[in-house]
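Q: Sequence:
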Amino acid sequence: MSTAHDAPDAPMQFGLFLNNGIFEGVDDARALALTVETADLAEELGYDELWVTEHHFIEYGVCSSAITLAGFLLGRTSRIRVGTAVTLAPLVHPVALAEQTALNDQLSGGRFDLGLGRGGYELDYKVFGVPPMRWTTEIEATLEAVIDALSHDETRSTNGFFPYDTVAVRPRTRTRPHPPIYVATTAPGSLKAAARNRLPLQFYHHLPAAEARAEIADQYRGFAEEAGWDGAADHLHTVICFVDDDEAAARERLTEGLVHSWSKGMHPGLYRREPPVGEPEERAARIVNQSPVGPPDLVAGWFEEFTRATGARKFGLYMEADGNPARVLTSVRRFAAEVMPRLRGQAPR
Numbered sequence: 157m158s159t160a161h162d163a164p165d166a167p168m169q170f171g172l173f174l175n176n177g178i179f180e181g182v183d184d185a186r187a188l189a190l191t192v193e194t195a196d197l198a199e200e201l202g203y204d205e206l207w208v209t210e211h212h213f214i215e216y217g218v219c220s221s222a223i224t225l226a227g228f229l230l231g232r233t234s235r236i237r238v239g240t241a242v243t244l245a246p247l248v249h250p251v252a253l254a255e256q257t258a259l260n261d262q263l264s265g266g267r268f269d270l271g272l273g274r275g276g277y278e279l280d281y282k283v284f285g286v287p288p289m290r291w292t293t294e295i296e297a298t299l300e301a302v303i304d305a306l307s308h309d310e311t312r313s314t315n316g317f318f319p320y321d322t323v324a325v326r327p328r329t330r331t332r333p334h335p336p337i338y339v340a341t342t343a344p345g346s347l348k349a350a351a352r353n354r355l356p357l358q359f360y361h362h363l364p365a366a367e368a369r370a371e372i373a374d375q376y377r378g379f380a381e382e383a384g385w386d387g388a389a390d391h392l393h394t395v396i397c398f399v400d401d402d403e404a405a406a407r408e409r410l411t412e413g414l415v416h417s418w419s420k421g422m423h424p425g426l427y428r429r430e431p432p433v434g435e436p437e438e439r440a441a442r443i444v445n446q447s448p449v450g451p452p453d454l455v456a457g458w459f460e461e462f463t464r465a466t467g468a469r470k471f472g473l474y475m476e477a478d479g480n481p482a483r484v485l486t487s488v489r490r491f492a493a494e495v496m497p498r499l500r501g502q503a504p505r
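When we follow my numbering, the leftmost residue of the sequence shown carries the number 157, and every step to the right adds one.
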């Protein structure tokens, strides 16, 4: 296994992964309000990025348009970057994606990142009348269409998947050749499409092990080398993270929180051919126990070790799984004050 997939001397970047989930005592309004409150706090505390999710018809996450929520948060802030994790690309025409991306890019002064993925629920595709295999069969056409529309004054269809005449996407992008685009996938075909188009990956927190992520990054680099470049991409690594002096209690809460949130998203999976291995409690505990949870020194040490193993420098921290807004905001503050400075070579605040 090779390492250092990202530039080893680049400063670490830390963002917050905002899922807008429903927990006990947290309804739709409170979930969205917590996202806004967290975004404001992250801007104040010096976080680099916010990453917002998109789900349909489930309480696991109540944001139905990540790109819309991203635009709202960009309008409230002035410094921090905001990205989607992810926009469900197969459900939207690629030229429409380009238009929405360009608008957010211009209005924010170039602070928007577009993350693309397929989602995980079959019902989304049934309701919106989209063939479930579109992401698998059309991913490269989607990526190329979005990139072309963002990068040129005019764009036209060059494949049979999305037939359209020459159009000019307006507004033009502020960021050239186009705003950052990330691809959330572990499937070989999609990895190849991302690598061929020089687009970095988004790793989901359900795959916490450094070795597993490094192997996927190695596959990506292999596809990149086939396409004529070295594959040194700044991938986004989302991880469950929580700063709490009582490590055992925090891990227990996060395990319970994951199980609870999964129960709020029990639609049939889109591509799952076999049921998950183990009971929900067992799977949740396995994820949480491999994640940076506990006192500041433990959490900082986890990131240092993970970075040595993978070369990762960009992280999206999922703290919301704790389920308690007050504790989540405390962890957000403590990470910024007691962990982030150490990882950036600064004195704790």
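I should point out that these hints are in silico values taken from the structure, not numbers from a laboratory. Any given hint might turn out to be false.
[As the list claims (entries may be wrong)] DEER-style ranges, computed between Cβ atoms: (1) 285 x 185: 29 to 35 Å; (2) 500 x 354: 23 to 29 Å; (3) 317 x 375: 23 to 29 Å; (4) 502 x 326: 40 to 46 Å; (5) 405 x 312: 53 to 59 Å; (6) 480 x 374: 36 to 42 Å; (7) 345 x 309: 51 to 57 Å; (8) 354 x 232: 30 to 36 Å; (9) 445 x 480: 17 to 23 Å; (10) 436 x 189: 37 to 43 Å; (11) 308 x 382: 34 to 40 Å; (12) 343 x 438: 24 to 30 Å; (13) 401 x 354: 23 to 29 Å.
Just so it is clear, the structure is predicted and the values come from calculations on it, not from any experiment. Every residue, glycine too, gets a C-beta built ideally from N, C-alpha and C.
Q: All the hints need checking, so say for each whether the structure fits it.
A: Status of each hint after checking the structure:
At roughly 30 Å, the beta carbons of residue 285 and residue 185 sit within the given window of 29 to 35 Å. Separation of residue 500 from residue 354 is about 27 Å and conforms to the stated range, judged on CB atoms against 23 to 29 Å. Range check, residue 317 to residue 375: Cβ separation about 25 Å, and the 23 to 29 Å hint holds. One distance hint, 40 to 46 Å for the beta-carbon pair residue 502 and residue 326, holds here, with the actual separation near 42 Å.
As the Cβ distance of residue 405 to residue 312 is approximately 58 Å, the hint placing it in 53 to 59 Å holds. Between residue 480 and residue 374, the C-beta spacing of about 38 Å keeps the proposed range 36 to 42 Å intact. Checking the proposed 51 to 57 Å range against residue 345 and residue 309 shows it is violated: the Cβ atoms sit about 31 Å from each other. For residue 354 paired with residue 232, a C-beta distance near 31 Å keeps the hint of 30 to 36 Å intact.
In this structure the supplied range 17 to 23 Å holds for residue 445 paired with residue 480, their Cβ-Cβ distance being about 20 Å. Taking the beta carbon of each, residue 436 and residue 189 are about 28 Å apart, not inside 37 to 43 Å as hinted. A hinted range of 34 to 40 Å is violated for the C-beta pair residue 308 and residue 382, which are about 25 Å apart. Here the CB-CB span from residue 343 to residue 438 is close to 25 Å, well matched to the stated 24 to 30 Å.
Between residue 401 and residue 354 the beta carbon distance is about 43 Å. The supplied range of 23 to 29 Å is therefore violated.
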